[in-house]
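Q: Here is what each chain is made of, one letter per residue.
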Amino acid sequence: MSIYIIFALNALLFASVLFLLTAGLNIIYGVMRIINLAHGNLYALGAYVTAWVLLTVGYQAFPGPLLYIVPPIIGVLVVGLGALIMEPTLLRPMYKRIEEFQLLITFGVLLILEDLFLLIFGPYPLSVREPYTFLGVSKIGDLSYPNYNFLVIALGFIVAFALWFLLYKTKFGIILRATSLDREMAAAMGVNVKSLFTVSFVIGAMIAGLAGGFIVTKDTAVLGMGIEALVLAFVVMVIGGLGSMKGAFVGALIVGALRQIGTAYFPEIELAILWLIAAVVLTIKPQGLFGR
Amino acid sequence: MSGTDRRGFLKAVGAGVGGLIVGGLAGYFGAPPKEVVKTETVTTTVGGAAQTVTKTVTVGQTARPTPSGPIKLGLQVFFTGPGALLGLPAAYGTRMAVKEINDAGGILARKIELLERDEGPSDATLREFRKLVLEDKIDYYTGLISSGNTPTVGPEAEENKVLTLFVDGCTDILFERAIPNPHYVFRITNIQSSDAITAAVGTMKLLFDRGLIPENPKITGIHPDYAYGRLIYDFYNTAMKKMLPDAEILDQQFPGLFKVTDFSAQITSMIQQRPDLAIVSLWGGDYVNWYKQAIGFGLFDKMKVVTTLTFGGSPQAVGKDHPAGHVGGVHANYWFTNPDWTLWPLNGKFVKKFKDMWGEYPSFEGEGAYTGAYMLKGAIETAAQEVGGYPDEEEIIPILEQWSTYGPAGYIQVRKKNHQCYKNAVIGVTGTSPEYDFAVMSEVLVLPIERVSAPAEYDTSKQWLESWPVGFKP
Amino acid sequence: MTSHASRQVRNKIIGYLIFLLVLALIPLFTRIGLVTEFVQNLLMYSIIFAIAGLAFNILLGYSGLLSFGHAAYFAVGAYTVALAPQFIGNTSFEVLILLALVASAIVSMAFGYIAVRLTRIFFAIMTLALTQLVWALILKLYWYTGGSDGVNVRAKPLLGIPFNEFMSRPEYLNTVFYYYLLGIFAISLFIIWLIVNSPFGRALLATRENETRAEFVGIRVRLYRWYAFIISGVFTGLAGALFAVLNGHVTPEQADWIFSGDIVFVAVLGGFRFFEGPILGSIIFTFVRQYAMGYAIFWRLILGSVLIVLILAFPSGIMGALNSIANRIRAGSRVLPAATTPTPTAITDIKHHQDGGREK
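Protein chains in written order, with our numbering: chain E, 548 to 839; chain S, 4 to 477; chain F, 1200 to 1559.
Source of the hints: derived by calculation from the structure; they are not laboratory data.
Please note that the accuracy of each hint is not assured.
The following residues of chain S were derived to be distant from chain F, with all beta-carbon distances above 10 angstroms [said to hold, decoys possible]:
| hint | residue |
| --- | --- |
| 1 | Leu-209 |
| 2 | Pro-217 |
| 3 | Pro-342 |
Here are the in silico distance ranges between beta carbons for each label pair [claimed, not checked]:
| hint | chain 1 | residue 1 | chain 2 | residue 2 | range |
| --- | --- | --- | --- | --- | --- |
| 4 | E | Leu-728 | F | Arg-1401 | 52 to 60 angstroms |
| 5 | E | Ala-734 | F | Ala-1525 | 51 to 59 angstroms |
| 6 | F | Asn-1409 | E | Met-736 | 41 to 49 angstroms |
| 7 | E | Ile-808 | S | Arg-277 | 16 to 24 angstroms |
| 8 | F | Phe-1415 | E | Met-736 | 44 to 52 angstroms |
| 9 | E | Asp-689 | S | Phe-475 | 33 to 41 angstroms |
| 10 | S | Glu-138 | F | Gly-1382 | 21 to 29 angstroms |
Stretch-level coverage of chain E by chain F, calculated; a stretch enters the list once three of its residues show a Cβ under 8 angstroms from a Cβ in chain F [as the list claims (entries may be wrong)]:
| hint | region |
| --- | --- |
| 11 | 639 to 653 |
| 12 | 662 to 671 |
| 13 | 773 to 781 |
| 14 | 824 to 832 |
For clarity, every value in this text was computed on a predicted model and none was experimentally measured.
Beta carbons: idealized from backbone N, C-alpha and C, even for Gly.
Please model the complete structure; the sequences and the hints are all you need to start from.
A: Structure (structure tokens):
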């Protein structure tokens, strides 16, 4: 029995990370109608910076709970800064161009970031252990489960709630949703579309950075991690629907569960199952489960 | 020039009328004039330039001019990506040997020039190899880590007639299927089947004989999804089934190589099977991630773990938090504390020098690459004595085929039949030591290589393994 | 007008013939040492990529559909050549090519049927998902496909003549296979050129420029796109088949979406608004990547920067840049009317529809 609880927790864990990734992608797509192929590498940037901080400064430098907060926040800030530079210089000239070019320019950023990691952080994976092992394990029946994973699961739900609040309960959220529905109308109503785009791009990127900062102590920062993550986030996005926050949430849960079930019972075709389901959803409902 | 033209033309005639025209074209355009011309009785060589060949020259009679310029040695290993954990130590080993050799005056007074290229996916690796051969005109080639890459580059090396010393990539498939009759290609580190069988024998000696696993163990496992993982899965489980016929082999996991960083799903699935034993052939960054997360799930308390590559990367890659009392492998090759530094000072000196130069302890790749470079030097110098001048590949190869030498890891021998090197295999118990701030082997088990590898009379290692009588314990 | 157009066509054909002639002379240049064997080898990769790029461009350039999934058809072609000999024995290469064409036709029919219901970004994502499906299957069905190790491919008899038996592989590749490849390239170039200049090709262009209007004048948009998709997939499969023999080894990398990205890159680099764009793009791409990889390990950095600079500064690719320079020289200081510049309006100004191009 307890093993199934752990299966469920694993699914939630994976779903949490996927949701954080997809939520960022969806905010950016919803507002700007751009699919950011470099998004996975922004997540990797968060992971790399966090790991690098922990390795060079040392975990001893952060007393108590600061250890869990400060290094990822540094990662998130670096990602935010990167996004703040990227949007006006590379994306802004693209808004009036065809979507193919928008996709390709982010593909270019993906390639560049991939090599910048190599250049800055070196070829070895950056592995940190401390915050992950410090939290110890919980007993579930006769099995154990790492406490750190609960933290990551919680993070997903906290961010989901925060985003819901931001989008539906604040004035900023109303403006954001209005702009995503009709850009011209929003502009006519006096919304500063330009700065709104910058802000939403930075928020989307920072959520990805946050995910990277938190998973890195559980995993490692390694070259290629961004591309792997992006591809999975794509599956979630396709299943849930482009630009839909609810879709990201449900899609992430579906993919998280599928992956655990696939690994446990059909390890041979686990990856293929994910893509097959994505293709089926696209065929039956091209706009995804919750797409508009 | 005309010689090769005629040769191409004659070949075409031999192939029949249909092939005549195109074959003639081939002879005309093809085969650059660098080839070795051989007749049945006299071995002569057309040197780098279009020299006239002196017909009276027979092997070893007249001194030949040593080619001018440095010896170009191509080195291709993973310098980047997660594979660098194994690739860089190999590069360190080669660089260190090359530096030592050059400082001592080179090989036959020729310095070695190292041309380093990155190893990658097999098509990129192959193109880079072709570039080294066709454009940079390397004399010899060494390196390669991935057992997905050696079967790709191997046939190409044979066809381009490049003397090649693979450091790793030690799949059995290379000399069983990709190049069954190797001529130009050699390989330094132990063959992969030995790795699996060493792990199996290690399981028996270090766990079963001590009553740590039952007579009928349930065996799960996790392996990277490529040649290496598949082979370890196949050979290890077959060997265990031979030695303990009541063993039960469970479904095992195959995550993609370096594709997964979160192993929670795989780890829980392994625990769910309630096994006694897990065979793990993950390596590099994959292994580091896996064991860190497996500790969190308490996997190490639930079963005994046998790995092939815990200690395979740079030794310091595996931290002191690694659980003790399990079996950790080094690809059946070399662990830096063995052979004992006082009994075998060569190893102590090597380790110290390596540590001083690179700031880390040598891995089996480092030792293999280092010994390999010296093997090449030894064979060239011996061949030179026989032929009285700088030897070509065809003169080095017969020497290398019966070469036997010793390096930091001890004695090493080339098997003529498959060009594979053999040295004693090593596996051990995981633990810690106050001297090192990383996990080490607390107990080293050395297995004579004859016991864990197929004898030369078997065509494939699998045939040998299948010939084991049930209950056989090598 | 017509005489001007036919003169243009004649000039183009002469241009292609000169290009092919130069390619045909390359082995001679290699022979006398003007170029290295390796350069010739890379050129063969370029030619194969050019076929794939031309095929890809039937979709992007002529139908306005960005496929991020052409790796799938390339890999299907390559794996057919790699795996078929197990079942049908060592046949001549033509048989294998035929099988590869059939296999990639089947796959692109199926995938195309699903994908052409979508356009724009949805089309791109759909093709990506489908190619990842192929990739995952190749990777995971280890016992059939060799998993990530891939499959070794030996040299094949060509036109029924077993050149592979009396020639070493390098000799084979640099002589007979080179001309074989060049022949197939010339035929493909000709066929694709005919297709895009046929009424069918013009209809595709019409669907690219304005879908609704095209529908209005009686073009069955989705059906035409499906045909274009299949043609594109089949030629990409042909490129994959040739690649298998040249590379001597096929791996799942050829089915990965990053490889699809390479094909896109080739078209964009050369200029996807131009028929010849992918050819130029593929030659430059292959050589730049190889030499960037050899001398700097940071080749992705270089590729990415090139891509960004291209899109920001030269959206019509190298061909576009060359063309506008040529026009400027021809026209002297006179400013050209906008209509003759090679940049169609579609590049500079397409407004976003809120429905995002989904099926209506």
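Q: Hint by hint, say whether it matches the structure.
A: Evaluation of the provided hints:
no.: 1; hint: Leu-209; result: holds, 30 angstroms
no.: 2; hint: Pro-217; result: holds, 31 angstroms
no.: 3; hint: Pro-342; result: holds, 34 angstroms
no.: 4; hint: E:Leu-728 - F:Arg-1401: 52 to 60 angstroms; result: violated, 37 angstroms
no.: 5; hint: E:Ala-734 - F:Ala-1525: 51 to 59 angstroms; result: violated, 40 angstroms
no.: 6; hint: F:Asn-1409 - E:Met-736: 41 to 49 angstroms; result: violated, 30 angstroms
no.: 7; hint: E:Ile-808 - S:Arg-277: 16 to 24 angstroms; result: holds, 19 angstroms
no.: 8; hint: F:Phe-1415 - E:Met-736: 44 to 52 angstroms; result: violated, 35 angstroms
no.: 9; hint: E:Asp-689 - S:Phe-475: 33 to 41 angstroms; result: holds, 37 angstroms
no.: 10; hint: S:Glu-138 - F:Gly-1382: 21 to 29 angstroms; result: holds, 26 angstroms
no.: 11; hint: 639 to 653; result: holds (count 11)
no.: 12; hint: 662 to 671; result: holds (count 4)
no.: 13; hint: 773 to 781; result: holds (count 3)
no.: 14; hint: 824 to 832; result: holds (count 4)
Checked against the numbered hints listed earlier, the structure breaks hints 4, 5, 6 and 8; every other hint is satisfied.
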